[in-house]
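There are 2 protein chains.
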Amino acid sequence: MDLKGVIRTIPDYPKPGIMFRDVSTLFGDKEAFASAVRRIAAPWRGQGLGKVAGIDARGFILGGAVAYDLGAAFLPLRKPGKLPFETFEESYELEYGTDALHMHVDGVYEGEKVLLIDDLIATGGTAEAGVKLLRRGGADVVAAAFLVDLPELGGADRLRALGLDVQALVAFEGH
Amino acid sequence: MDLKGVIRTIPDYPKPGIMFRDVSTLFGDKEAFASAVRRIAAPWRGQGLGKVAGIDARGFILGGAVAYDLGAAFLPLRKPGKLPFETFEESYELEYGTDALHMHVDGVYEGEKVLLIDDLIATGGTAEAGVKLLRRGGADVVAAAFLVDLPELGGADRLRALGLDVQALVAFEGH
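Quick mapping for you: the protein sequence lines, in order, are chains G and X. 554 is the number that the numbering used here gives the last residue of the first sequence; the numbers go up by one with no jumps. 554 is the number that the numbering used here gives the last residue of the second sequence; the numbers go up by one with no jumps.
These are calculated hints, taken from the structure and not from any lab test. Note that the structure is a prediction, hence the values are computed from the model and not measured. Treat the hints with caution; some may be incorrect.
Identical chains share a label here; the pair holds if one copy fits it or two copies do between them.
In silico DSBU-like links for lysine-lysine, alpha-carbon gap of 30 Å or less [said to hold, decoys possible]:
#: 1; residue 1: Lys458; residue 2: Lys492
#: 2; residue 1: Lys511; residue 2: Lys492
#: 3; residue 1: Lys383; residue 2: Lys458
#: 4; residue 1: Lys409; residue 2: Lys492
#: 5; residue 1: Lys511; residue 2: Lys409
#: 6; residue 1: Lys394; residue 2: Lys492
#: 7; residue 1: Lys511; residue 2: Lys461
#: 8; residue 1: Lys394; residue 2: Lys383
#: 9; residue 1: Lys394; residue 2: Lys461
Start from the sequences, fold in the hints, and give me the full structure.
So, in structure tokens, the structure goes:
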């Protein structure tokens, strides 16, 4: 299954010079969606995974499906102001300014094996915040998995430097 | 499986008098999560469903899993400014002001059978906007499914008035 071929590229979005990788066209292809979920889940069958943590909001789509496929629970890592219970917060840098990711303080168990999932890794700032949140909660973050990697932006290397396995199904050149 | 018992209630969130139904505790329980996905998917096995449409953002979690379980594709219905391609837009009323939901104009095929999913239905304004978007795209919206219904707020009746089947796994009294 050619997953790369069903991802739409939108030039100059959200601003000139950016080639936006639109994964909604992959989600909209039932064979590609099923294939992506199975390929992300495959290494973790029978590995005692407790939860899949998905990053707000496209990470919820794959994350929910992978969690279900593996018989694991699902944990949402969310933008500020979205979680109703007490949270841990981790800030991360954007090109201009900062943003933050939140996790419920009781979102993971001590020692629980957790797989982090998002649709795409670019610079890795958001994913790194996710790893820090999960570790603050006591989780054993076994790996981070993505549909798309933009290797030139260095995000996967940044996560590997945190001691994580990183899996991505497809890679695109450029930003 | 007692799904209702694993949903956490947070009193006075986001404001005094509101009993917030926090479904993240259900997603965080692997048996409850799997049971919820299976129960939502069950009526649609072998019914030729093309897509599951999930509402931004908690609807993505269940929606992605149900789509995967049924071998269907997934379509995100999103808040403004989140979709990179050309969109249809439907506004809906909030208690104060309005908000809107967007769908890619090529998100569904003419005559495609689509199941709409969100975590919770209250007044039904968001879900109604979702139904309108899907119908604008030519979809045959077969039903709307939710984890939680707040029947006193009338959302399920509002969707039935649009000619839809409505399924909810649990109901809570009050707002």
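Pop the pair Lys394 and Lys492 into one bin, within, between, both or neither, using alpha-carbon distances up to 30 Å. neither (38 Å within a copy, 35 Å between copies)
Given identical chains, is Lys511 near Lys461, meaning Cα to Cα at most 30 Å, within a copy, between copies, both, or neither? For Lys511 and Lys461, the Cα distance is within 30 Å both inside one copy (19 Å) and across copies (26 Å).
Identical-chain pair category, Lys383 with Lys458, by Cα at 30 Å: Cα proximity of Lys383 and Lys458: in one copy and across copies (28 Å, 26 Å).
From the Cα coordinates, with 30 Å as the cut-off, is the pair Lys394 and Lys461 best called within, between, both, or neither? both (27 Å within a copy, 14 Å between copies)
For the identical chains here, do Lys409 and Lys492 meet the 30 Å Cα criterion within one copy, between copies, both, or neither? both (29 Å within a copy, 13 Å between copies)
With identical chains, the pair Lys511 and Lys492 could be close in the same copy or across copies; at 30 Å between alpha carbons, which is it: within, between, both, or neither? within (14 Å within a copy, 41 Å between copies)
With identical chains, the pair Lys394 and Lys383 could be close in the same copy or across copies; at 30 Å between alpha carbons, which is it: within, between, both, or neither? Result: close within a single copy only, 22 Å intra versus 45 Å inter.
At most 30 Å between alpha carbons: which applies to Lys511 and Lys409, within, between, both or neither? Only across copies: Lys511 and Lys409 sit 23 Å apart there, 33 Å inside one copy, limit 30 Å.
Classify it for me, Lys458 with Lys492: is the Cα-Cα distance of at most 30 Å met within a copy, between copies, both or neither? within (23 Å within a copy, 32 Å between copies)
Of the numbered hints stated above, the single one contradicted by the structure is hint 6.
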